[in-house]
Every structure is written in structure tokens, then in C-alpha cells.
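Numbering-wise (our numbering), the sequence shown opens with residue 1 and increments by one.
Bear in mind the hints are in silico, worked out from the structure with no lab data behind them.
Glycine included, C-beta positions come from ideal geometry on N, C-alpha and C.
Accuracy of the hints is not assured; some may be wrong.
[What the hints assert, rightly or not] The following label-pair restraints were derived from C-beta to C-beta distances:
# : residue 1 : residue 2 : range
1 : I156      : G76       : 29 to 35 Å
2 : S140      : S116      : 17 to 23 Å
3 : T170      : S140      : 15 to 21 Å
4 : T138      : A51       : 14 to 20 Å
5 : A135      : T52       : 20 to 26 Å
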Amino acid sequence: MQSRRRRALYRLSVFGAIAIGGFTLAACPAPLATTPLKPGAVLTSVNSTRATVRLTLIGAYSSNDAGFNFDGYGGGRLTVRIPAGWTVDVYCKNDSTALTHSCAVVNLPISPTGGSLAFRGAQTANPVNGVQCGASETFSFVASKIGRYRIACLVIGHEADGMWDWLVVTPGGSPSVSV
Numbered sequence: 001m002q003s004r005r006r007r008a009l010y011r012l013s014v015f016g017a018i019a020i021g022g023f024t025l026a027a028c029p030a031p032l033a034t035t036p037l038k039p040g041a042v043l044t045s046v047n048s049t050r051a052t053v054r055l056t057l058i059g060a061y062s063s064n065d066a067g068f069n070f071d072g073y074g075g076g077r078l079t080v081r082i083p084a085g086w087t088v089d090v091y092c093k094n095d096s097t098a099l100t101h102s103c104a105v106v107n108l109p110i111s112p113t114g115g116s117l118a119f120r121g122a123q124t125a126n127p128v129n130g131v132q133c134g135a136s137e138t139f140s141f142v143a144s145k146i147g148r149y150r151i152a153c154l155v156i157g158h159e160a161d162g163m164w165d166w167l168v169v170t171p172g173g174s175p176s177v178s179v
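Starting from the given sequences, assemble the full structure and let the hints guide the process.
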């Protein structure tokens, strides 16, 4: 509990520093939900004939992890599996009431700068500044390399606060989600 308070105070001090630095924090009208989506709900459509999947990532979907989550999950608790060669159409929405968030698929290892992009086009338009509150963006990429990658928010400090999960590109099979 004490650790959570310290993290909250740290975030407040960082937010204050960002505001002083000339950045603005937008407010959103919608409150945070309190429960995560069901596993698999993040894969909103799968077209095996076209080898295409639609992945929905909702930043700050719930109050879990102080809002630093995708679809209610963070810190690597959500794993999305996609077969190699499939096209991934990502819908990234920011449900935060106070902060911008972004979506990107990046290489390992975890780094303070967020790591390098895993696939061409695998990020929102401006991942460091993020998507505004209540707004959404889309992007597409081909899961061309078998391996383990991170789905991450690249707004400074958000990944360190746990806003990341796993994307695993498999040699075959069907798309799936597990928690």
C-alpha cells in the first residue's frame, strides 16, 4: 500500500513537471471502467482466409495498475499470439481521463526509451506524445518475424509504470489471447 502511494506521488510530481515544461494534460469526460475485458475480446475479428486479425487495444480501460493498462491488463499479464505472416490491424483507443497513451509493438529487451519498433508501421502516429484522451488511432503491420515482442505505451514513463503486454508471433496455428 505504501509503495502505491509513493508511485502515485511520483506520478503527480512527473505530471507537474510535464505541465510546467509546456505540455498540456487533456481531460476526458468518461470515467474509468473497473473491470477488464474478457480474454479474447481484444481480438475483435479474425479472418483466416485473408490471414488478418483486428486487435483492439484500449489504454486505461480500467483502474487496474493505476490506469496504466491495455484492456485492463498490464505488466505482461496479457499475451496475444499471432501466426507469422498475418496482417494485424490495430485499433488503439485512449480511455484515460487525464493522460495521453499510445500503442506500439517493440523489440526486447525492455528499455527506458521503449525499445525499437518490431515491425514497420507498428505504432500510433506519435507514440511519445500519445493519443489524446477519448481519441483513437489505427495502424497495420505484418507480423513477419517469429518471436516475442512487447505491446507498449511509449509515452515517457508509462511502460515503466507497467503499461505493456506481450505479442508473440508463432510459426503457425490460430490467433489467440491469454491472461
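Taking the hints in turn, this is what the structure says about them:
no., hint, result
1, I156 to G76: 29 to 35 Å, "20 Å, violated"
2, S140 to S116: 17 to 23 Å, "19 Å, holds"
3, T170 to S140: 15 to 21 Å, "19 Å, holds"
4, T138 to A51: 14 to 20 Å, "18 Å, holds"
5, A135 to T52: 20 to 26 Å, "24 Å, holds"
Checked against the numbered hints given earlier, this structure breaks only hint 1.
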